[in-house]
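Asker: Starting from the structure of chain A, add chain B where the hints point.
Chain order of the listed sequences is A and B.
If you count the first sequence from 1, position 18 lands on 40 in this note's numbering, and the numbers rise without skipping.
If you count the second sequence from 1, position 210 lands on 443 in this note's numbering, and the numbers rise without skipping.
The hints are simulated quantities; they were obtained by calculation from the structure and are not laboratory data.
These figures come from a predicted structure and were not determined experimentally.
A portion of the hints provided could be inaccurate.
Reference listing, derived: stretches of chain B covered by chain A, where coverage requires no fewer than 3 residues with Cβ under 8 Å from a Cβ of chain A [to be verified]:
{"hint": "1", "segment": "247–256"}
{"hint": "2", "segment": "309–320"}
{"hint": "3", "segment": "323–335"}
From chain A, some residues computed to sit far from chain B (all C-beta separations above 12 Å) [what the hints assert, rightly or not]:
{"hint": "4", "residue": "Tyr34"}
{"hint": "5", "residue": "Leu89"}
{"hint": "6", "residue": "Asp133"}
{"hint": "7", "residue": "Asp183"}
{"hint": "8", "residue": "Leu189"}
{"hint": "9", "residue": "Asp210"}
{"hint": "10", "residue": "Ala220"}
{"hint": "11", "residue": "His221"}
Every residue, glycine too, gets a C-beta built ideally from N, C-alpha and C.
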Amino acid sequence: MFVRLVDVSKRYGGRWAVARVSLELDRSAVVLLTGDNGAGKTTLLKIIATLQRPTSGEVELFGVRALDNLKSVRRRLGLITHQAHLYFDLTARENLLLVARLTGGDPQAVDGLLARVGLADRRSQLVRTMSAGQKRRVSVAKLLLQRPQIALLDEPFTQLDPGGVELMEEVVRELRGAGSLVILATHDIDRGKALADAHLTLAQGTAESLTKVAA
Amino acid sequence: MTFVGEVLTLVAKDLRLEWRSRARINATLFFALLTLLLFSFAAGPAQALQAANAPGYLWLALLLSSVLLLGESLRIELENDSLEALRAMAVDARALFVSKALTNALFCFLLGVVLVPVAVGLYGAEVKLGFPRLVGVVALGTLAIAAPGTLYATIAVQIRARDVLLPLLLFPVLVPGLLASVRASSLIMQGDPMDQTGSWLLLLAVFDALYWILCTLMYGRVIED
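Bound-form chain A, shown alone (with noise of 0.2 Å):
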């Protein structure tokens, strides 16, 4: 099992964000997160990500309890978020060529993968000069570069142009095909339930549904 989470719950001063939410969620798979706003997503793909603790609960990740095992889950692990996640003073390659460096990934490969997202001509080009569009494209590439088993995608398609977006499909696709979960937390449901094979649907923190798509 990629996920396995059991009664996490998270708590923001007296407020729970999440609320005893338990999941299984295994590989080769899309799971579309969907809620309104503040419903949780983000603080859920946040715990998923070992990024923020759990106020209690269990996250397992590859059969492993994650917070004991931060590094090596941490490793398989990709991720795209509201924030770009980009040093805007290094250029676009820059970026990328640190993110292979410390992951172990291929810098060979990373002027290819800008090519791939359409940044060919503006590798060169710091991020900070870049539109939101083209610095999401940025993180498409960085996302393809570490190749992670499970995917984690904030709003995935935010500030994207319409080429952006068939691109992100794209990479959704791909991921899922090379056996990676990909966990897409979108408000653009219809795109989203197109990709997807599982839907859940959070409210004020809890999971009210886990339902299959219909192909």
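Answerer: Frame of chain A, contents of chain B only:
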């Protein structure tokens, strides 16, 4: 990637980022020079008093400027949650600390190297035991500032009142290291008839080792919790 490999990669990244945003370094340098100048006004025209206090003024200027450098060095990591990105990539927290603290130590040291001749000229001080020894003290002293400075800057940068909090957290911890730095600098500048410099340098080196070991061990807790 090995621990040393991670450290070197992150140091190279930090140096590149600092080079790209040189305005920050320039501003810190001017702040430090201005501080030295203000001390000379505060001490009045008595040349002997200024020369006698020169080591203290030098270290205070270096300390105050270092606080600016330290805060900024961590602010880069908070922009776009870059620190979170490094955590997500399974970068060793200790490598993260050592790289950031080394970069900070390097910049504080370079700042100190610039400030030493300025302080000597401005206050009419002498360096009786020679500049190389004084630069050696600056190296050890900036190592003492950089390790706890990086740890506390990481804590403070995540809090709303960070600009106030960093010096409040940092200065008490730095007292032993700062005291040893000032005393060793005084002896090197004003002469050391009782041969005490070695003892102060040993004390400073011991504090350096303590600061670096403890801060390296604690950094994982700071960024993960």
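Asker: Next step is simple, just say for each hint if it's right about the structure.
Answerer: Evaluation of the provided hints:
1. 247–256: holds (count 4)
2. 309–320: With 9 residues close enough to chain A, the hint holds.
3. 323–335: The restraint on the segment 323–335 of chain B holds, since 3 of its residues have a Cβ under 8 Å from chain A and three suffice.
4. Tyr34: holds (15 Å)
5. Leu89: Violated: least Cβ distance 9 Å, not greater than 12 Å.
6. Asp133: Non-interface label on Asp133(A) holds, nearest chain B Cβ at 19 Å vs cutoff 12 Å.
7. Asp183: Holds: least Cβ distance 21 Å, greater than 12 Å.
8. Leu189: The claim holds: Leu189(A) sits with its nearest Cβ about 21 Å from chain B, beyond 12 Å.
9. Asp210: Label holds. Min Cβ-Cβ 23 Å, cutoff 12 Å.
10. Ala220: holds (24 Å)
11. His221: For His221(A), whose nearest Cβ neighbour in chain B is about 25 Å away, the distance exceeds 12 Å, so it holds.
In summary, the structure is inconsistent with hint 5 from the numbered list given earlier, while agreeing with all the others.
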